[in-house]
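S.K.: The primary structure of each chain is shown beneath.
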Amino acid sequence: MEHLQFEFECSGNREDSQQATLSGVVSSGNLEVMLENADLNGLCRINVSTSAQGFGEIWQAVLNDFVARYNLANLQISINDGGATPAVVCLRLDQAMEEYLEIST
Amino acid sequence: MSDLSGIRRGHSYYEATARDRISKLLDSNSFQELIGPAERIASPHLEPLGQPCSFNDGIIIGTGNLNGLPVLIASQEGGFMGGSVGEVHGAKLTGLLERAVDEKPAAVLLLLESGGVRLHEANAGLIAISEVIRALLTTRKSGIPVLGLIGGAYGCFGGMGIVARCCDALIINEEGRLGLSGPDVIETTMGVEEFDSTDRALVWRTVGGKHRYLLGEVQCLVEDDIEAFRAAAIEIIDKVQPLSLESLEQENLVLSQRLANYGHSQDGAEIWGAMGIADPQKLPLMDIPSFLKAVEGKVQGNL
Amino acid sequence: MKIENLLNELFPMGHAVKNVQNILTGFGSTGKGKIAVLGTTDHLAIGVETALTLADFVLMVIKNSPGQPILMLVDTQGQRLSKKDELLGINGYLAHLAKCLQLARQRGHQLITLIYSEAVSGGFLAFGMMADEIHTLAEARVRVMNLPAMARITKLPLEQLQELSVTSPSFAPGIENFIKLGGVQTVWQAPLAEQLVKVIGLEVGDDHRRHSGFMREGRKLAYPIAQRVKEG
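Residue numbers (this note's numbering), protein chains in the order written: chain A, 1 to 105; chain B, 1001 to 1303; chain C, 2001 to 2232.
Chain A extracted, bound-state conformation (with noise of 0.2 Å):
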């Protein structure tokens, strides 16, 4: 197992206080991505437990992208990775994120 923390500093806001969402499921190339509030000054944070070992570089290209097209600040982000690829990463991230708005408005 390999555990990746990555921080952005993000300047967009929206409603608090609402739970935290669940989307997809750890199994053999997919993944579970919570998306909570946190109180991080700012900083959207990653947190990735992962089964496959040194791909950093390539999750944090994913993220990268990800994080610039939300701009989210004072979110956590926990990421439980049973393997998958790059493509399922970005769409479990999508559709954590499209949950987590819905639910907030």
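Please note: incorrect hints may appear among the correct ones.
A few chain B residues that face chain A, going by a derived Cβ cut-off under 8 Å, partial list only [said to hold, decoys possible]:
#1 PRO1037
#2 ALA1038
#3 PRO1044
#4 PRO1052
#5 CYS1053
#6 PHE1055
#7 GLU1249
Pairwise CB distance ranges (calculated) [unchecked claim]:
#8 A:ILE58 / B:GLN1241: 47 to 57 Å
#9 B:GLY1068 / C:MET2001: 50 to 60 Å
#10 B:MET1190 / C:PRO2191: 34 to 44 Å
#11 C:MET2060 / A:GLN19: 25 to 35 Å
#12 B:ASP1279 / C:THR2167: 58 to 68 Å
#13 C:MET2215 / B:ARG1200: 41 to 51 Å
Keep in mind the hints are simulated off the structure, nothing from the lab. In this text, a Cβ means the ideal position worked out from N, Cα and C, and glycines have one as well.
Let chain A serve as the given structure and place chains B and C on it in line with the hints.
M.R.: Same frame as chain A, now just chains B and C:
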């Protein structure tokens, strides 16, 4: 398997995740999760073996309403380690069943999808399933019905197959499978001549929903649609089977007769023929309404 | 230990336990009165007819000997792996046995288990594990699966499993592990008759296993989680 292409159904139970099943089965927005993912109560036994954990440990539990009635619900996620039961997973289920005794909901719904004990924490998982069995039967004793729903890709096997048959009633779809030892386990241990687990038609004739329904082991056979599961659950929710000496003597009789009548049968179709069903080999191809019509009055001693 | 010797050691005052095709049923005399005895021998693989015979006997004890304690003698390699058993719904036969044992408990029969040889997964789950008191002989073996088979199925290296089994009781076979996890209470030493008499008549409460596992630090999460869900 019947060819269902071209028929656009509602929400497939078979394909849905554990969480989706709950939200579509219960009255909308009524589900309240207990020990949700944000608490991060995951199995501590997986990381040392290099396995990713899940924030739910493969089971989602909580409270909600079914047709306005308060229920407790648990839903196993087959996608995560085959829905297998480890220490945390089992404790959530046991706690939920025990909670029912105090809270007195209209029913406990168990959405079962599991291969049984999680080998990565096998001892803890085995004891956990034993605790689930005891808690389930204690819940039933207190007069609260426990309904099992089966219809996911991973079926319901191992210790959870025993748990399923401890419920008051079961609802299954055609795709659902219920048994003890999975076909692949039997093949691996006893050889392909005992059970060819790649022969899907054979697998379904042996452990599939239609066969289980014909033997009277499940009370409802429904379309692969979460709405159909919901309708069936609403229909049977108040049909409680108290555990009594009389009911267990009746069950004993049914199981003895089954053994006497079909103990030498080699195939599901052979049993269906012996039950007096015409053209038993056609049953697997029928859609659910035609099937139910074809077997009307032939279903074995419903428990 | 051979079953004949075991029965003689457990019941020096005499017993009438039959062994028919490796299924034991009957009664033994103890210092605290008669006790119903049922079990299996020769590592019997539990099939549908085994489960049914055992369940039959439990129902008979409930009817004819109200309140009598029940001793389960466990020696099984697990459930029988066969297509025929699955075709008949063996899980339902095992569930039936479990339900009969639960009914016995509800009607005041104390359930005691002694694992005297081998206890493996499914056959143990619906039978011996249903007891309030679960004890073993020192030479007994308890497991879900041996490590090589576990390694094959989980696709984990055997060495890794072996290494971890030294520190974690949660998956490797062994009585000590099951004791730590709360699944087994004690190891019985001779004289066995005394050990049996000691547990007969003990108060039957709720399922204590997760609490024992917590106190013995073998299962640290099961107890707090189940309590929280139950009460929270």
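S.K.: Taking the hints in turn, state whether each one holds.
M.R.: Now for the hints, and whether the structure bears them out:
no.	hint	in the structure
1	PRO1037	4 Å, holds
2	ALA1038	4 Å, holds
3	PRO1044	13 Å, violated
4	PRO1052	5 Å, holds
5	CYS1053	6 Å, holds
6	PHE1055	6 Å, holds
7	GLU1249	43 Å, violated
8	A:ILE58 / B:GLN1241: 47 to 57 Å	55 Å, holds
9	B:GLY1068 / C:MET2001: 50 to 60 Å	59 Å, holds
10	B:MET1190 / C:PRO2191: 34 to 44 Å	41 Å, holds
11	C:MET2060 / A:GLN19: 25 to 35 Å	54 Å, violated
12	B:ASP1279 / C:THR2167: 58 to 68 Å	60 Å, holds
13	C:MET2215 / B:ARG1200: 41 to 51 Å	48 Å, holds
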